[in-house]
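Given the sequences, and given the hints that come with them, work out the whole structure.
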Amino acid sequence: MTDYAIGDIQGCYERLRDVLAKVDFSPSRDRLWVAGDLINRGPSSLEALRYIESLAESAVVVLGNHDLHLLAVAFGGHGFKKKDTLQEILDAPDRDRLLAWLRQQNLCVHDASRNLVMVHAGLPHIWGVEQAMTLAREVEEVIRSDAAGEYFTHMYGNQPACWSEQLEGIERWRVITNYFTRMRFIAEDGSLELATKLPPDDAPEGYVPWFQLPRQDDIRIIFGHWAALEGKTDSDQFIGLDTGCVWGGALTMMNLDTGERIHCDCS
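Numbering (the UniProt record's numbering), first residue to last: 1 to 267.
Calculated directly from the structure, the hints in this document are not laboratory data.
Computed from a predicted structure; not experimentally measured.
Treat the hints with care, as some may be off.
[Unchecked claim] List time: in silico BS3-like cross-link candidates among lysine-lysine, alpha-carbon distance up to 27 Å:
1. K83 / K197
2. K197 / K81
3. K197 / K82
4. K197 / K22
5. K232 / K197
[Unchecked claim] Here are the in silico distance ranges between beta carbons for each label pair:
6. L213 / R29: 37 to 47 Å
7. W247 / F80: 14 to 24 Å
8. E141 / G248: 37 to 47 Å
9. K82 / L198: 15 to 25 Å
C-beta: ideal position from N, C-alpha, C; glycine also.
Set out below in structure tokens:
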């Protein structure tokens, strides 16, 4: 069995099949780790979601901000954004099954045997792995519960900007969600700057890319979300896999056993 991790698919189903074909991926033999944003902006969100769901135990998935956006539209009363390509999912005859499956996915996955964590946006330096997993489980339980409607209704927002153990309810859930699914730039005290989507060299004053602040552990972190990085972090500890497929870049997959990166050109 070989484990592969892949960056943001975002509905680019044909490119997904192309990159999987390069390694002769077989769900009966291999596993695919998906670093969030399975859907949206690309041309085939429904096909991409159906395929990943069909992999069953051969897929290890974390939720990205676009995946949560679909659930916020479906369960929180939010409308579509201008470039969304989600209507086909909501109109599909199997929508209920697909949405139920999506709600069962995680925000953070930890494989202790590989000293590896997978998240969509990143893991802030203010959280150790144990704390991160506890907070992820807290929000995952909300997403799967009868409180999901309230969560999705109030999920959006940039405040609070910084984690505090004293936070409660929706403000607590929102900031946890933002660290896992929206984070790019962060301050030393853990405050997030969520408006800027520029390359890492263009950090707002007082902030740096989250992976440039030292951690108290040596955990390796697989993440996506930040296409402007082009997968470059200058560190073997922080493995960026979003290389902007939906923007005409590439879809990148990594062999977790060898570290080899496999690319599919999306131009």
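Hints and how they fare:
no., hint, verdict
1, K83 / K197, "holds, 17 Å"
2, K197 / K81, "holds, 17 Å"
3, K197 / K82, "holds, 18 Å"
4, K197 / K22, "violated, 31 Å"
5, K232 / K197, "holds, 15 Å"
6, L213 / R29: 37 to 47 Å, "holds, 39 Å"
7, W247 / F80: 14 to 24 Å, "holds, 19 Å"
8, E141 / G248: 37 to 47 Å, "holds, 38 Å"
9, K82 / L198: 15 to 25 Å, "holds, 20 Å"
The structure shown violates just one earlier hint, number 4.
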